[in-house]
Each structure stands twice: as C-alpha cells, then as structure tokens.
Amino acid sequence: MTRIAAGIIAAMLAVAGAADTPGRAAGRVALPVIKIEKGEACVAPTAQMRRDHMQMLLQQRDLTLHQGIREPRFSLKNCIDCHASRKTGSVLGKDGFCSSCHAYAAVSIDCFECHSPLRQAQAAARP
Amino acid sequence: MNPDRRQVLAWGAAATAAALAPGLRLVELAQARSPQEAASKLQRWGLLIDITKCGECDACVTACHEENGITSNARPATDAQWIRKVSLRDTRTGYAQTLPLMCQHCEHPPCVDVCPTGASFKRADGIVLVDKHTCIGCRYCVMACPYAARSFVHETVSGQKADVPRGKGTVEACTLCVHRVDRGATPACVEACGRDGGGAMAFGDLNDASSAIHRRLKSEPSSQIRADLALNTGVRYQGL
Numbered sequence: 000m001t002r003i004a005a006g007i008i009a010a011m012l013a014v015a016g017a018a019d020t021p022g023r024a025a026g027r028v029a030l031p032v033i034k035i036e037k038g039e040a041c042v043a044p045t046a047q048m049r050r051d052h053m054q055m056l057l058q059q060r061d062l063t064l065h066q067g068i069r070e071p072r073f074s075l076k077n078c079i080d081c082h083a084s085r086k087t088g089s090v091l092g093k094d095g096f097c098s099s100c101h102a103y104a105a106v107s108i109d110c111f112e113c114h115s116p117l118r119q120a121q122a123a124a125r126p
Numbered sequence: 000m001n002p003d004r005r006q007v008l009a010w011g012a013a014a015t016a017a018a019l020a021p022g023l024r025l026v027e028l029a030q031a032r033s034p035q036e037a038a039s040k041l042q043r044w045g046l047l048i049d050i051t052k053c054g055e056c057d058a059c060v061t062a063c064h065e066e067n068g069i070t071s072n073a074r075p076a077t078d079a080q081w082i083r084k085v086s087l088r089d090t091r092t093g094y095a096q097t098l099p100l101m102c103q104h105c106e107h108p109p110c111v112d113v114c115p116t117g118a119s120f121k122r123a124d125g126i127v128l129v130d131k132h133t134c135i136g137c138r139y140c141v142m143a144c145p146y147a148a149r150s151f152v153h154e155t156v157s158g159q160k161a162d163v164p165r166g167k168g169t170v171e172a173c174t175l176c177v178h179r180v181d182r183g184a185t186p187a188c189v190e191a192c193g194r195d196g197g198g199a200m201a202f203g204d205l206n207d208a209s210s211a212i213h214r215r216l217k218s219e220p221s222s223q224i225r226a227d228l229a230l231n232t233g234v235r236y237q238g239l
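Chains P and D supply the protein sequences, listed in that same order. Residues in the first sequence are numbered consecutively from 0, following numbering that gives the first Met the number 0. Residues in the second sequence are numbered consecutively from 0, following numbering that gives the first Met the number 0.
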C-alpha cells in the first residue's frame with residue numbers, strides 16, 4: 000500500500016516537474032498539454048493544486064451533496080468553466096486539461112462517467 | 000417536536016432577542032441560506048398536491064425530464080422514471096382521478112434503512128438523496144421503497160446536465176430539484192404545473208408557520224399515501 004502511494008506521489012511529482020518545463024524531451028510518452036484557458040490564478044497555488052486537487056474535489060463533493068454547501072469557487076462546475084478547452088468546450092479529449100495529464104500519469108478518472116465535462120456555455124448550446 | 004411547538008419556541012427566541020439587544024439572537028431562526036451555509040434541520044421541504052386540480056396533462060413529468068436531463072432509451076421497462084402520473088378509477092362508480100407520484104421524501108425513509116453503504120441518505124432539511132459516489136447499485140432501496148419511486152440506471156448516460164450528474168450502475172430518484180431549492184427556487188414540476196398545468200402542486204417549508212404550505216396543511220384536510228406505514232412523508236395530497 001505504502002509502495003503504491005509512494006509510486007503515485009512520484010508520478011504526480013514527475014507530472015508537476017514535466018509541466019514546469021514543457022520544452023524538455025518527452026521520451027516515449029507525450030507530455031501532458033497544460034493550457035489554462037481562463038483566469039490568472041486558480042483557487043490555490045499551482046503546486047498545491049497539482050498535489051491536492053483530488054482531496055479538494057472529494058471534500059467539496061461531500062459538503063455539496065450531504066450538506067448542500069454550494070460554494071461556487073470550489074465547485075466542479077467552476078473548475079470546468081476555467082479549464083475546459085475553448086475549442087471543444089470540454090476538459091476531456093486529446094488535449095483536454097484533465098484527460099491529457101491523467102493519461103500521462105496513467106491514473107484513470109471516472110468523474111465524467113456521471114458529471115458533464117462541458118463548460119456551461121457549451122452545455123447550454125447543445126440540443 | 001411538532002411544528003406548532005417549534006413556532007412557539009421561535010417566537011420565544013424572537014422575544015428574547017428583542018429583550019437582549021436588537022440584532023442579537025440566542026436561537027437562529029430559519030431563513031434563506033447562502034451558498035456557504037449547510038442545509039438546516041429547522042427546515043423540512045415538502046410538496047402539497049391538490050389532485051382535484053390535477054388534470055390529464057403531464058407537464059410535471061416533462062419538466063422533470065427536461066430539468067434533470069432524463070432521456071429515454073425507448074425501453075420503458077428500464078428507462079429511469081423520477082415522477083409518473085398514476086391514474087385511479089373507482090371500479091363501482093367509474094370515478095377517475097390522476098395524480099403525480101414521486102419520491103415522497105419520508106422522515107423515516109425505508110431506502111435509507113436498507114442501504115448497505117450509506118449512499119441513500121436524508122439531508123438535514125428532509126430531502127432524501129442518493130450519494131452516487133458510494134452507491135454500489137445493489138437496488139435494495141428500489142425494493143424497499145413502498146412508492147416504487149426509485150430507478151436504476153441500466154445504460155451508459157451522456158449529455159448530463161451540469162447540476163444533475165447521472166451514471167450507469169447507480170440508483171436515482173426525485174431529488175426535489177435540490178440544486179434549484181438550494182438557490183431558492185422551486186422544483187421544476189411545481190413551476191411547470193403552475194405555468195402549464197392546473198396549479199395543483201405547491202412547494203414549501205413544512206416547518207415554517209408563515210409558509211402557505213404550512214397554513215394549508217394546518218387548516219385543510221390532506222393525506223399521505225400509505226400513511227399506515229408511518230413514514231411521515233414530505234409529499235402530501237389533497238382530494239385523494
């Protein structure tokens with residue numbers, strides 16, 4: 000268990016490091032595309048977001064669902080609104096903000112089995 | 000504690016507040032929530048449905064499906080159904096009635112009792128929900144619900160609404176449009192019934208003595224479906 004956790008942390012650090020130096024040789028695996036579409040700063044410093052975004056999402060999800068606390072700043076909808084591609088309107092897809100990094104780190108996410116990966120504007124425009 | 004006693008306590012609190020200092024309260028009274036505030040036990044959301052005003056239309060069902068992004072796979076046996084119209088007919092006299100039926104948001108919900116993972120739960124303000132993150136799709140709750148109000152999602156879902164995540168392998172039911180209630184709006188079915196239907200449905204806080212729904216429940220006859228089960232439903236009917 001500890002070894003797996005250490006492996007995950009190592010992978011995360013590798014991603015964080017790789018993202019800092021996009022010009023570095025990609026090796027066998029293509030580096031993730033991290034393109035922030037909107038806003039100057041996220042809800043927390045970048046280093047903290049890279050390491051702790053999953054805990055923040057889990058915490059917010061339980062507060063929202065069980066207690067009805069809908070703090071717009073930390074909602075998944077708000078994450079998607081800033082981070083979704085302006086071209087596809089989604090955080091998924093080849094260069095999607097979520098999917099490209101998670102593909103690199105080989106961590107599958109199932110948020111979007113149920114949640115909409117689309118920005119509100121795009122979601123509203125869909126039939 | 001019954002609502003009347005609660006009201007007396009609230010008046011007591013208000014009187015104490017006036018005696019102490021203006022703006023200072025020992026007990027906070029129920030009021031509209033900010034997004035940062037948790038749902039409160041002081042409130043109990045519910046519906047009052049006057050079925051004498053309920054006609055043959057299905058505006059509530061259509062509005063629910065639109066609001067919550069429920070689409071049909073053209074397989075009625077397994078399609079999700081959060082609200083349905085039920086027709087009643089007296090076999091002797093032929094007297095026919097129709098009513099909308101959905102999750103009754105019980106005070107003592109059997110679906111919560113039987114859930115092995117704690118996914119089925121009741122929020123502090125009385126709304127019964129499914130935490131789909133912990134739902135394993137066992138469907139015990141579907142069997143336990145006396146109102147057949149819950150559905151299992153059999154097929155992959157796409158095109159979900161941002162406020163209403165839905166996915167294969169989990170159980171779902173009427174959420175009383177919790178995402179609308181949290182921003183101070185009424186459920187989609189109630190809005191549609193008032194606009195396109197007979198205005199049969201009313202939404203409100205059953206605990207709030209100043210609300211229309213509380214006053215009507217206090218002064219007019221109403222009933223619960225399967226009142227014999229003593230679940231104290233949040234959805235009440237008139238003219239049944």
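Careful: at least some of the hints might be erroneous.
[What the hints assert, rightly or not] As a list, the in silico DSS-like pairs of lysine-lysine whose alpha-carbon atoms are at most 25 Å apart:
id, chain 1, residue 1, chain 2, residue 2
1, D, K121, D, K131
2, D, K84, P, K76
3, P, K86, D, K160
[As the list claims (entries may be wrong)] Now the stretches of chain P that chain D is said to cover, found in silico as 3 or more residues with beta-carbon under 8 Å:
id, stretch
4, 33–46
5, 92–105
To be clear, the hints were calculated from the coordinates, so they are not data collected in a lab. For glycine and all other residues, C-beta sits at the position ideal for the given N, C-alpha and C.
Do the hints match the structure? See the list:
1. D:K121 with D:K131: holds (14 Å)
2. D:K84 with P:K76: The hint is violated at about 33 Å.
3. P:K86 with D:K160: holds (20 Å)
4. 33–46: violated (count 0)
5. 92–105: violated (count 0)
Checked against the numbered hints given earlier, this structure breaks hints 2, 4, 5; the rest are met.
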